[in-house]
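Build the full structure now, drawing on both the sequences and the hints.
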Amino acid sequence: MCECCNGKKDIYLPELWTVTKRRMLNGTELFLHLEKDSGDAFEYTPGQFVEVSVAGIGEAPISISSSPTQKGLELVVRKVGNLTKVIHKLEAGDKLGIRGPYGSTYPVAESKGKDLVFICGGIGLVPQRSFIRYALDNRQDYGNITVLLGTKCHDMRLFREETAMWEERKDMLVMETIDEAHECWNGNVGVVTTLIPKIENNLPKAQVLVCGPPIMYKFVLMALAEAEVPEDHIYVNLERRMKCGVGKCGHCQINEHYVCQDGPVFRYSDLANVPEAI
Amino acid sequence: MSVSTVTKEQFRQFVSSLIGSAQTVVGVQAKHDKFAFGELKNADDLRLDYDVTILSPRKYVLPPKETLLSFKVGGDSQSVQESEKMILLGVHPYDMVAINQMDELFSQGEYDTHYMNRRNNITIIACDVVTASENVFASSMNTATVDTGFDILLTDIGDAYVVEAATDKGEVLVKMMTGVKSAADGDLSKRKAVQDKNKTGLNKHVLQCKPSYLPTLLEKAYDHPVWEEKARLCYSCGSCNQVCPTCYCFDVQDEVDWNLETGRRTRAWDGCLLENFATVAGNHNFRKHREDRFRHRMYRKGKYVPSKIGGQIACVGCGRCVSACTSHIANPVDVYNRIMEQTEIG
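Chains as they are written, first to last, in the numbering used here: chain A, 1458 to 1735; chain B, 1170 to 1515.
If you're looking for bench data, these hints aren't it; they were derived computationally from the structure.
Certain hints may be false.
Quick list of in silico lysine to aspartate or glutamate cross-link-like pairs, EDC-like style, CA-CA up to 16 Å [what the hints assert, rightly or not]:
{"id": "1", "chain 1": "A", "residue 1": "Lys1569", "chain 2": "A", "residue 2": "Asp1598"}
{"id": "2", "chain 1": "B", "residue 1": "Lys1228", "chain 2": "B", "residue 2": "Asp1272"}
{"id": "3", "chain 1": "A", "residue 1": "Lys1536", "chain 2": "A", "residue 2": "Asp1598"}
{"id": "4", "chain 1": "A", "residue 1": "Lys1552", "chain 2": "A", "residue 2": "Glu1492"}
{"id": "5", "chain 1": "A", "residue 1": "Lys1552", "chain 2": "B", "residue 2": "Asp1220"}
{"id": "6", "chain 1": "A", "residue 1": "Lys1571", "chain 2": "A", "residue 2": "Asp1689"}
{"id": "7", "chain 1": "B", "residue 1": "Lys1472", "chain 2": "A", "residue 2": "Glu1713"}
{"id": "8", "chain 1": "B", "residue 1": "Lys1477", "chain 2": "B", "residue 2": "Glu1279"}
{"id": "9", "chain 1": "B", "residue 1": "Lys1389", "chain 2": "A", "residue 2": "Glu1713"}
{"id": "10", "chain 1": "A", "residue 1": "Lys1465", "chain 2": "B", "residue 2": "Glu1340"}
{"id": "11", "chain 1": "B", "residue 1": "Lys1200", "chain 2": "B", "residue 2": "Asp1218"}
{"id": "12", "chain 1": "B", "residue 1": "Lys1203", "chain 2": "B", "residue 2": "Asp1220"}
{"id": "13", "chain 1": "B", "residue 1": "Lys1350", "chain 2": "B", "residue 2": "Asp1365"}
{"id": "14", "chain 1": "A", "residue 1": "Lys1465", "chain 2": "A", "residue 2": "Glu1486"}
{"id": "15", "chain 1": "B", "residue 1": "Lys1241", "chain 2": "A", "residue 2": "Asp1598"}
{"id": "16", "chain 1": "B", "residue 1": "Lys1234", "chain 2": "B", "residue 2": "Asp1420"}
{"id": "17", "chain 1": "A", "residue 1": "Lys1662", "chain 2": "A", "residue 2": "Glu1683"}
{"id": "18", "chain 1": "B", "residue 1": "Lys1477", "chain 2": "A", "residue 2": "Asp1719"}
{"id": "19", "chain 1": "A", "residue 1": "Lys1466", "chain 2": "B", "residue 2": "Glu1279"}
{"id": "20", "chain 1": "B", "residue 1": "Lys1477", "chain 2": "A", "residue 2": "Glu1713"}
{"id": "21", "chain 1": "B", "residue 1": "Lys1241", "chain 2": "A", "residue 2": "Glu1688"}
{"id": "22", "chain 1": "B", "residue 1": "Lys1203", "chain 2": "B", "residue 2": "Asp1218"}
{"id": "23", "chain 1": "A", "residue 1": "Lys1493", "chain 2": "B", "residue 2": "Asp1245"}
What follows is the structure, given as C-alpha cells:
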C-alpha cells in the first residue's frame, strides 16, 4: 500500500510466501506446501486459484490444492513453461510471490447435506482435492462422497498415498482407472468416463464436480447427460490464461464470462449454451 | 458549473501559459497529412479543428507499456505508481465516452490503482468536432456529443469558443483565462447548432439500428456466415485493436536489468485478434481460428463489455479501425448491418 493510492491496495502486488515442503508427485508434477511470510490470515474457499510469481520470470494462475481446514497453502505445479521450470527448482526455504485468492468457489455451502461425486482427469485432481479434503474434514455436513480418478498412465498418478488412504475409508467410495494398461496395475483400464455407469446409482441426487483436461469435459458431460444428471447439479472447473486474475486483462474471457471472476468453477447449466466454454 | 466564452486568440494565450506551467500539456497536432496527440511545445501547433487522431488518447490513460512493480529477481516486489500531472487538450466526444467507459471498467470490482492514479492526474479539455473524418460514425453510436467525463468542454462557434467548466479542476483553469465572458444566449444557440449538426452529421457509415439493440442482435448471430466471410481476409495483425479507443486488454511481462538482480513487471497493450491471445499452457488455443477472434472483437464491443457497464456499447464510432484495417474488414457497422439483413429486428 502506498500514499498515492488513497489507501487502496495495489491489486498486482504479490506477497512473499516460503516453501516449507516440496516433493515430486510424478515426473512432471511438483507439490509445494507454503507458509505466508507476513503470518497474516489467508482466507479461501475450495475451487479458488492464486497468481503465483517469481519476480523476473513471470506470473501464472495455479489452483489451490489444499483445504482451508488445514494450515498453509498447497499447490501442484506442472513443468510446462519458463516460470514453472524455475518453480520446479525451488527448495524448502525459497520464496514465491502470491496474489489472491481469486475466482469462484466450489458449492461448499449449498452442497451441505447432499451427495458429492468428484470426477477427476489427470491434474484435475489438484483443485478437486481441495474440496475433497474439505468435505472429509467436515464429514458430517455431506452425504455420500464418491471420487472417480482417471490418469493417462500408471506413472502419472497423483497423490498415490493419499488416494490409497481414501480407498481404505469406509465413508467414501474411490474408483480409479488408467487409460493404458500397465504391468504394475491390476485395476480398471480405460478413460474416466468408463467408470460413470458403475456409479450410476450415486448420481441422481448428487452434486457432480468435474475437472480435467479440455478433451475430457466433452465425454464426461455426454455420459452425465446419458445418466440424466440435471445440468444444474454439475460443476466444471475450467482453465484459461488468467493473466491478471482481477477481471481486467481480457485473456481468460470465454464469450461474456471472465474465468478469473465468474469461474474457474462454473455451474454447467450456466455454460451449456456458451459456445467457446467446453 | 459555469459556461462562458473566450476568443480564439485569448484561448491561444491561455494554452501558451499552460505550456509554461509545471504540468505536461498534451494536445492534438498535425503529423504529415494526419493528426496525433503529442506533447505540446507551442500553442500555435494545437489543432482543435482536426478530424481524427491516428491513435486515441487512450495512450495517456493506459500507456502502450507501463511499469506495475519493481522487484529483486526471485524476491520481493514494490508497487510503482508513476503518473505525472497532465492536461489533455482536444479530446473529441467519442474518445471522451471511451475514456469514461475505461474509468468504469478499471474502478469497478478490483480497483486498479495504476490506471486510476494516472486518470486522476489528468485534466481533460474536450472539444466538439469541427471536421468530420472520412470514416466517423459517432452519430450512429450516440457519441457525437458528450456531457460527462471532461473538466472543460470547448465548442468552436467561429471566432470564439464556448467554454463549459464541468469540474472544480475545470473552473480553476477557466479562472486562468483572460477575457472570459459569461456565455450569451446567442453563443449558447450557436453551440447547440454545432452539437445538433454533429448528432446527425458525423455518420459516414450508418448503423441500421439503435446501438442499444446490438446486444440483442448479437445474441442470435453467433453462427452467422459473416464471421467466416470477413475473417477469411484477416491478417491477425491486431491493427483494429491498436487504434481502438475502447480496447484495454493487456499482457503482463517481467523485465530483468543487465545486472540480473533487479527488474520490473510491466503491462503492455495486447489484442484479441492476435493469434495467441487465448493460448494457455500446453499450447492449447481457445480461439485458434481467425473467425473466432474476429467475432470475439465484435462481441466485446457490442455485447460483452456492455454487460459490464450498464449497457453502454463499447464501440464509439471513431472509425479508426475502418481506416487502419488493410483488408477493409474491420468496420463494425458493415458487420452489424450485414447481420441485420438476415435477422429480424425485435
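The hints, checked one at a time:
no.	hint	result
1	A:Lys1569 <-> A:Asp1598	holds (5 Å)
2	B:Lys1228 <-> B:Asp1272	holds (14 Å)
3	A:Lys1536 <-> A:Asp1598	violated (36 Å)
4	A:Lys1552 <-> A:Glu1492	holds (10 Å)
5	A:Lys1552 <-> B:Asp1220	violated (53 Å)
6	A:Lys1571 <-> A:Asp1689	holds (14 Å)
7	B:Lys1472 <-> A:Glu1713	holds (8 Å)
8	B:Lys1477 <-> B:Glu1279	holds (13 Å)
9	B:Lys1389 <-> A:Glu1713	holds (14 Å)
10	A:Lys1465 <-> B:Glu1340	violated (28 Å)
11	B:Lys1200 <-> B:Asp1218	holds (14 Å)
12	B:Lys1203 <-> B:Asp1220	holds (9 Å)
13	B:Lys1350 <-> B:Asp1365	violated (23 Å)
14	A:Lys1465 <-> A:Glu1486	violated (37 Å)
15	B:Lys1241 <-> A:Asp1598	violated (46 Å)
16	B:Lys1234 <-> B:Asp1420	holds (9 Å)
17	A:Lys1662 <-> A:Glu1683	holds (15 Å)
18	B:Lys1477 <-> A:Asp1719	holds (12 Å)
19	A:Lys1466 <-> B:Glu1279	holds (10 Å)
20	B:Lys1477 <-> A:Glu1713	holds (9 Å)
21	B:Lys1241 <-> A:Glu1688	violated (48 Å)
22	B:Lys1203 <-> B:Asp1218	holds (12 Å)
23	A:Lys1493 <-> B:Asp1245	holds (13 Å)
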